[in-house]
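Residue-level listing of the chains:
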Amino acid sequence: METGMQAGPGAPLLSVRGLTLAASRGGEDLPLVEGLSFDLAWGETLAIAGESGSGKSITSLAVIGLLPPAVRAVAGRVLLGGRDLLALPEAAMRRIRGGRIAMIFQEPMTSLNPVMSVGAQLVEAICAHEPLSRREARQRAAAALHAVRIAQPERRMRQFPHELSGGMRQRVMIAMALALRPDVLICDEPTTALDVTVQREVLDLLRELQRETGTALVLITHDMGVVAEMATRVIVMRAGQMVEEGPVERIFAAPRADYTRELLAAVPRMGRGEGAPAPVAKAAPVARLADLRVRFDIRGGLLQRVTHRVHAVEHVDFDILPAETFALVGESGCGKSTIARALVGLVPFQGHVEVAGKALRGLSARGRRALCRDVQMVFQDPMAALDPRMRVGDLVAEPLVIHGIGTDRERRARVAELFARVGLPQEVADRYPHEFSGGQRQRICIARALAPRPKLIICDESVSALDVSVQARILALLEALKREFGIAYLFISHDMAVVENIADRVAVMYLGQIVELGTRAQVFGDPRHPYTRRLIEAVPVPDPAHAAPPRLRLSGEVPSPIHALGQGPARAVLRDTGGGHLVADTEMTAVRTTA
Amino acid sequence: MHRYRFVLLRPLQFLPVLFGISVITFVLVRLIPGDPARILLGARATPTAIANIRAQYGLDEPIWMQYLYFLRNLADGEMGRSTLYKIDVLRLIATRIEPTLALVGAGVVLALLIALPFSAVSARRRGGAADHAVRLVSTAGIGFPSFWLGAMLILLFSVHLGWLPVSGYGETLAGKLTHLALPGLTIALSLSAVLTRSLRAGMIAGLQSDVATAARARGMPEGVVFWRHVVPNALVPVVNLLAVNIGWLIGGTVVVESVFAVPGLGNLMVRGIFSRDYMVVQGVALTFAVATVLINFLADIVTVALDPRVEL
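For the protein sequence lines, the chains are X and L, in the order given.
Under the numbering used here, the first sequence is numbered contiguously, ending at residue 598.
Under the numbering used here, the second sequence is numbered contiguously, ending at residue 1182.
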C-alpha cells in the first residue's frame, strides 16, 4: 500500500498509481498509457498537457470510469479517499461520477441533449444524486446557473441548447458539473472549441469558481497558454508516458525533458509585432477586392419571399501583394471564410474582385478555369479535403490533369518534385490518405495546391487542427515556399499568435467588416481598435509569470448579422492613422463591449 | 408559438397539390382500357342500352367536361355514382374507410411495438447473439412479400391454432380487433423490419455520442442514458421514415385487405378496377392521395414536437 491512504489534510485527494491502459485490437494489446502516477491535492489545478495521442484524454476517462469498451485498465489504481475506483462496482462508481468527480468536455455543442430543455437536464443531473423534490431541484439548478454568471436563469432553463451560444452552453455544462459540489472537476479541452474571447470568459469563470468552491481541477489541454494561465502543477505527457512533472513556473522557466523544451519552443508566442518589416512590393497586386459584399437570402412566409438577409461580408477592400502573407483574423461567423469563397467564385458576391489583373465578374467558363490555376486552397481538415479512395500521388496530380498541364510522364515527375519539396518521401505516392498522420496529410494538401504553380494560395485555418509541433513545421514550410516561389498567401485564422508569427499584413474582421488593417507591427504593436485589443488580450500567454490581464467584462452575445430587407449594419468607415494603418470608427462595435 | 405557425399556413399549400392530384387520377383512370358500360351490361348488351348507360353516367361527354362535372359534384359533397354499387362514391368510401384506417393504424403501432424493443436489445448488446438474430430477422422481413406472409399467418394462427378468425371484419370493437390482428401484424412485420434497422443505427450512434458520454459522466444510470438521451434523438428520423413509407403502406393495404377479405378501401379499389368503375377508382385513389398528404403533414407536426431545433 502506498503512503497517504488516509484522507486528511496533507493527504492527496486523488491519487493515480501505476495506471496502465491498453486497447485490444485483433487480440493484441496496444498500450495507450503506461505506468502513470500522479497526485491531486485539495483545491489545486493540475494540468495534463500533451499533443494528440499522448493519452491525456483516455487517462481522464479512466479516472471517471468511462473507458470505451475496447480499452481496459491493465494495471494500476485510481484512489479517491482511499478507495480504488478501478475496482469499484458500477453502482458505486455511478454515485462518484457527477457526485464527487465531475467532468466537462470539449464540445459544448454536442454534449447537451438537443431535445431536452436546459433546465430538465440540470434537474435530472441533480436528482440523480440528491433526494430532492422537483421544486427544490429546480431551485438548485437556477442557483447553479446563477453561479456561472448566467443572467435570468429561470428563462434560460426553459430554453433548449440550440438557443444558446457556444460560450453559454459551456457555462451550462460547468453549472451542471458544479451543481453537486464535486471534489474534483476534470476539464477535457474545455475551451478548445470556443472563440478566443469566449475562451477568456470561460477560463476566468473556472478560476473564480475554483476559488469560491475549492474544487480541485484537472485540466486536460494541448494549449500551453491555457496551462500557464490556469495550472499550479503540470504533467507533460507524450505517447502514453509522463515526460515531466512539476510546478508550472519551473516547467516553463526550466524544462528538464527535451520533449518539454521542444513543445514550448514550438508554441507560437505573441510579441508586439516585431520582426522583419513587411516587404513593400511595388508590383501589381495578386488579388484586389473592392467594396466586396456577400449576402445570403433568408426566405420565409407562404410564398417563400426574401424577408431577411445575412450580411456575411460588408464593404471589404484590400489588396494582396505578390509574395505577401495577408492574414484575415476574427472569430467564428465574422465572414473571413466567406471572403475566401468569394475570391474563388464559390459564392455570388457584389462589388469588384480581381485576381492576377482579371476581374472575376463576367469571366467565361474558360477564363474561370484559368483563374482556378492561379488560386488554390488549403483547408482546415486535410482528411476531409482528400478523397479517401484516391492514391495521394493521383490526388497531387489531379489539378494538373484538370488543367491539362503536361504529359503523363511530366506530371509524374512534377508530383515527385512536389513530394520532395513538401518533405514527403517519394515512395508514399501509391498510398491512400488514411495511412498518413495529420501533418503529413496537410503536406499532401499543400503539394496539391502547389501543383499548378498558383500565384495565390488561400489557407483557411490550415494549421488550426494540428498539434503545435506539427503546426510549427507546416508554418515553416509555408514560409519557405513563399520565399522560393514568390507565392502570396491569404491566411485565414482565428489564432492571433499564429497570425502574428506568419503574417506580413493583417486585417481584423468583426461581423463581416474589417475594423483594423495594417502591417503586423502596426496591428500587433499598436492595436487601435478596441475589438483588436480585446482579441489580443484574450489570448492566453504561455508564460506563468505574465500578469493576468484585467478581467474582461462579460460581453453580451455577438450581434446578429441578419437584417430585415432594406436594412443593414452600420458601415465601419476606415481611417488612415498613419503609414497605411487603417482603423474603423469605434461606434460600430460598441454594442458588444458594453452589453 | 411561431414554430407551429406552419400548421395554419401549410393547408393553403395543399390546394394546388390536391388540384394536381385530382387531375392526374381523373385522367389516369380513363386511360385504363375497357368500357365501363359494356362491362356493366355484359357481352350481349344492345348498343342502345350501352348508349343509355353512357349518357346516364356522363361518359359520352368530352373528358374535360367530365372533369368539370366531377368538380361540381365534389362541391355538392358527391363524387359521382358508382356504376357497380349504384350509390354515390363518397358515401361508399365513408362506409369503407374505417377498416383501412384501423388497419394502417394497427400496422404502425404494432410495427413500433416490435421495432423499439428489438432495436434496443440489438443496439445495447451490439455484436452479441441477440443483435445478430435481430439483424437477420429484419433483413428477412424486408424480403418476404406481404401476401405470402399473410397466408402463412392465417395458416398458423387461424387454421392450426384456431386463435384468430381467418378473414373478414367484425361488428363489435372486440370483433374488429380480433379480425384486425393478423392483417395488422402482416403490415407491421414488413414495416418493423425497416424501422428496426433505422432505429438500431440511430441508437448505436446515440450510445457513442457526446451526449451519452456527458450524461454518464454526470452519474446517470445506463437505462436513463439510453431511454432519455439516446432513444428520443433516434426517434426523430424514424418519424420521417414512417411518413416516406406511408404511400407504400397504403399500397400494401390493397394486397393485405384482399388476402384477409377486409371490407376496406383497398378491397373496394380492386373491385372498382375489375369492373372499370371509374368513379370508385378515382374516388379511392384521390382518398389515398389526400391521406398521404395529410399523414406527411402530421409527421411534420410530430417532428416539430419531438425536436425543438426543427423550424418549418
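Just so you know, these hints were derived from the structure itself, not from any lab.
Please note that a few of the clues may not be correct.
Stated by the list, open to error - Covered stretches of chain X (in silico footprint by chain L; criterion: 3 or more residues with CB under 8 Å from a CB of chain L, positions within the stretch not fixed): (1) 88 to 99; (2) 226 to 239.
As the list claims (entries may be wrong) - Label-pair restraints from in silico Cβ distances: (3) 138(X) <-> 964(L): 50 to 60 Å; (4) 294(X) <-> 1179(L): 51 to 61 Å; (5) 252(X) <-> 1097(L): 18 to 28 Å.
Bear in mind the structure is a predicted one, so any value in this text is a computation, not a measurement.
Think of the CB as a built atom: it goes at the ideal place given N, C-alpha and C, for glycine as much as any other residue.
Checking each numbered hint in turn, tell me which of them this model violates, lowest number first. When the structure is compared with the hints, numbers 2, 4, 5 turn out to be violated.
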